[in-house]
Amino acid sequence: MSTIQSIAGELEPHPDVALVERVRGGDVSAYDTLVRKYERQIFRIAQHITQNREDAEDVMQDAFLKAYEKLEQFQGNSKFYTWLVRIAVNESLMRLRKRRTGKMVSIDEDIETDEGSVPRDLADWAPDPEQNYNQAELAEILRKTIQGLPQGFRIVFVLRDVEGLSTEETAETLGLSIPAVKSRLLRARLQLRERLSRYFHRKKGVER
Amino acid sequence: MKCKEFLALLDDLIDDSVSPETRTELQTHLGKCGHCEIIFNTTRKTIEIYRSHEIYDLPAGLRDRLHAAIMARCKKGC
Ligand SMILES: [Zn+2]
Chain E
1 MSTIQSIAGE LEPHPDVALV ERVRGGDVSA YDTLVRKYER QIFRIAQHIT
51 QNREDAEDVM QDAFLKAYEK LEQFQGNSKF YTWLVRIAVN ESLMRLRKRR
101 TGKMVSIDED IETDEGSVPR DLADWAPDPE QNYNQAELAE ILRKTIQGLP
151 QGFRIVFVLR DVEGLSTEET AETLGLSIPA VKSRLLRARL QLRERLSRYF
201 HRKKGVER
Chain X
1 MKCKEFLALL DDLIDDSVSP ETRTELQTHL GKCGHCEIIF NTTRKTIEIY
51 RSHEIYDLPA GLRDRLHAAI MARCKKGC
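Top to bottom, those sequences are chains E and X. Numbering (this note's numbering) for the first sequence: 1 to 208. Numbering (this note's numbering) for the second sequence: 1 to 78.
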């Protein structure tokens, strides 16, 4: 029975397919639906890569416009969302290059790390550590912490863990191998964990 | 299992992509090693916090500007 269900599930087209078809048929309101569905994700990705609000706004606009214009080229064999993310990542990297003229911007820059070493900061966290901060403070902590990660780690973490792309989709989007994505993801997660420990560790009963 | 081996499989454990046998081995290690237990729990929490908190709010008016831009293109033929 579960086999039948999973086969039926695979045949069920993604709801975006119908929306894309409607846009292709001239229905602009269907594109508004797609925009509303993914605008937050695309803006966040752009902000994480460019680290600049103005650039992120431009990237979001350009990515959706470009996707709209190129919709004829969109092949149904990838998801509309991952196709859109790829456009947004490329637009973001282009913005970065413009800002830092002459300086190469690459997501596969070599990053020195101590792979395989066991993290040392081992204070346990408070049970609900985020409750020790108000929303604004917490957002600031999370922004500061992730901004400190090397670019190549940050993008992988954002696409894979925050925006829900699979390892394969992340690799394809960034032009990286799957092992490279996996090793960056592990190091990104561990570095973020270690940096957040500063704010979230259990306050009493722990000598630090 | 040593801590280093545990760490090498940490992501797979978090992403739930380990075989049942490996899972049992990892869980046995977790039961005995407070060090790895903290790493496992706090790493999972790290991901969860980033997933559940909006740290970059969508600027007001951005959607309207985008809509206007799309309509402008559209008038040229769509
Ligand atoms: Zn251990």
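Careful, some of the hints might be misleading.
Computed list of lysine to any residue pairs in SDA-like fashion (alpha-carbon distance at most 25 Å, straight line) [said to hold, decoys possible]:
1. E/Lys203 - X/Ala60
2. E/Lys182 - X/Leu62
3. E/Lys144 - X/Asp64
4. E/Lys182 - X/Ala69
5. E/Lys37 - X/His29
6. X/Lys4 - E/Arg143
7. E/Lys203 - X/His35
8. E/Lys182 - X/Ala60
9. X/Lys45 - E/Arg36
10. X/Lys32 - X/Met1
11. E/Lys70 - X/Ala69
12. E/Lys37 - X/Ala60
13. E/Lys182 - X/Leu58
14. E/Lys182 - X/Pro59
15. E/Lys182 - X/Lys4
16. E/Lys66 - E/Ala18
17. X/Lys32 - E/Glu194
18. E/Lys182 - X/Asp64
19. E/Lys70 - E/Trp125
20. E/Lys182 - X/Asp57
21. X/Lys45 - E/Pro150
22. X/Lys2 - E/Glu194
23. E/Lys37 - X/His67
24. X/Lys32 - E/Asp55
25. X/Lys4 - E/Lys98
26. E/Lys37 - X/Leu58
27. E/Lys203 - X/Gly34
28. E/Lys70 - X/Ile14
29. E/Lys37 - E/Arg53
30. E/Lys66 - X/Pro59
31. E/Lys37 - E/Glu168
32. X/Lys2 - X/Glu37
33. X/Lys45 - E/Glu194
34. X/Lys4 - E/Ser177
35. E/Lys203 - X/Ala69
36. E/Lys37 - X/Ser52
37. E/Lys98 - E/Arg143
38. E/Lys98 - E/Gln61
39. E/Lys144 - X/Leu58
40. E/Lys66 - X/Lys45
Read the hints as simulated data drawn from the structure, not as lab findings.
key: Ascending list of hint numbers which this structure does not respect   = 1, 2, 3, 4, 5, 6, 8, 9, 13, 14, 18, 19, 20, 24, 25, 28, 35 and 40
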